[in-house]
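Asker: Each chain, letter by letter, is given below.
Number of protein chains: 2
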Amino acid sequence: MPKKEIRVLGIDDAPFDKFNDKKTLIIGTFFRGGSFIDGVLSTEVTVDGNDSTKKIIELIKKSKFKPQLQAIMLDGIALGGFNVVDIVQINRETGIPVIVVMRDYPDFEKIEKALIKLNKKEKIKLLKKAGEIHKAGNIFIQICGIDLEKAEAIIKITCTRSFIPEPIRVAHIIASGLHFGESRGKA
Amino acid sequence: MPKKEIRVLGIDDAPFDKFNDKKTLIIGTFFRGGSFIDGVLSTEVTVDGNDSTKKIIELIKKSKFKPQLQAIMLDGIALGGFNVVDIVQINRETGIPVIVVMRDYPDFEKIEKALIKLNKKEKIKLLKKAGEIHKAGNIFIQICGIDLEKAEAIIKITCTRSFIPEPIRVAHIIASGLHFGESRGKA
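Same order as they appear, the protein sequences are chains D and X.
The opening position of the first sequence corresponds to residue 2 in this note's numbering, with each subsequent residue numbered one higher.
The opening position of the second sequence corresponds to residue 2 in this note's numbering, with each subsequent residue numbered one higher.
In case anyone wonders, no lab produced these hints; they're calculated from the structure.
Fair warning: there could be bad hints in the mix.
As the list makes no split between identical chains, a pair holds if one copy fits it or if it spans any two.
[Stated by the list, open to error] DSS-like, lysine-lysine: derived pairs with alpha carbons at most 27 Å apart:
no. : residue 1 : residue 2
1   : 121       : 19
2   : 126       : 24
3   : 114       : 157
4   : 5         : 157
5   : 5         : 24
6   : 19        : 126
7   : 19        : 63
Since we're looking at a predicted model, the values are computed, not measured.
Go ahead and model the full structure; you've got the sequences and the hints to work with.
Answerer: Take a look at the structure:
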């Protein structure tokens, strides 16, 4: 079972103006379990684009923390609007387990309708590729490269301040604080 | 004496290219003592300019955390190169104590020479206005609006991960991660 000081990366995107912004900021925070932050990564992805998988893989591959990294957590399966992440590819190319964290059970029907309307039907495949949705504590998760028991243990270790894992909560606070000038809560 | 969960704001600037950058990013992190991050602020100041005092006062005045804020910590008396902060004015206009944190005892002779060379002799007054330098643990501090004993107690509470107070250590990690794409250590 994972140790309390397990190194986890949490990734979230900054808010953006869907009518004007072509890119949005991505923040990654390295945490020791649920206790403290060790490092911060940043990059940009195209709003509603296709580059989030590639950008996340690049960030991790060039990071000095990669050798110690035990899990990558994403705040939802998509960054920058409908820039859907391929978690199977991230796991395959980095060798690190991926856990997608969701506050609510996703409304797939609504998402599929939106993707069809945006002429991005091919992304529905990526959503399905992320696999089964599991309940873990007060949240929902999708996993790749890790078994459910171990993923649940990591969620438990990292949820020290709220029902959202610390690496995700803090990535959200930073991304939001950069965009608005002051962070706004959802976690 | 201050409580363990005392709310403290730590402020640091991002690295910048002194030949090309006109502005640099400023990050503020709200912490509960030395334990966890509650919020993030961001703004920009002019490299070697005169706006850092005004920008910090604005950030704090508009923040939702202001009513709970017990101390403002600065990573050094200047942000963005020689944009020297007037800690007396910050304390007067916000009503909140200010603590300047320094890793080493400053070399005033060298700083004064640099300021004279840059034709910014008037900033020497601001440096002197920040008052006496005290040793607190492994670091040095200047204080305004707070007595030394209380300032030392806050330093002790917030230095949970290193000899640098957490709000400053994390502001540095974030600012550096935003600038370089990955944070680089000094704390």
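Asker: Confirm or reject each hint.
Answerer: How the hints compare with the structure:
In this homomeric assembly, residue 121 and residue 19 come within 27 Å of each other (Cα to Cα) only inside a single copy, at 16 Å, whereas the closest approach across copies is 44 Å. Only within a single protomer do residue 126 and residue 24 lie at most 27 Å apart by alpha-carbon distance; the minimum there is 23 Å, versus 44 Å between protomers. With identical chains, the CA atoms of residue 114 and residue 157 are never at most 27 Å apart, being 34 Å at best within one copy and 55 Å at best between copies. In the homo-oligomer, the alpha carbons of residue 5 and residue 157 lie at most 27 Å apart both inside one protomer (10 Å) and across protomers (25 Å), since each shortest distance falls under that limit.
In this homomeric assembly, residue 5 and residue 24 never come within 27 Å of each other (Cα to Cα): the closest approach is 36 Å inside a single copy and 40 Å across copies. When the C-alpha separation of residue 19 and residue 126 is checked against a cutoff of 27 Å, the pair qualifies only within one copy, where the shortest distance is 23 Å, while the shortest distance between copies is 47 Å. Proximity of residue 19 to residue 63 under the C-alpha cut-off of 27 Å is restricted to the inter-copy arrangement: shortest distance 26 Å between copies versus 30 Å within a copy.
Consistency with the previously given hints fails for numbers 3, 5, ordered from lowest to highest.
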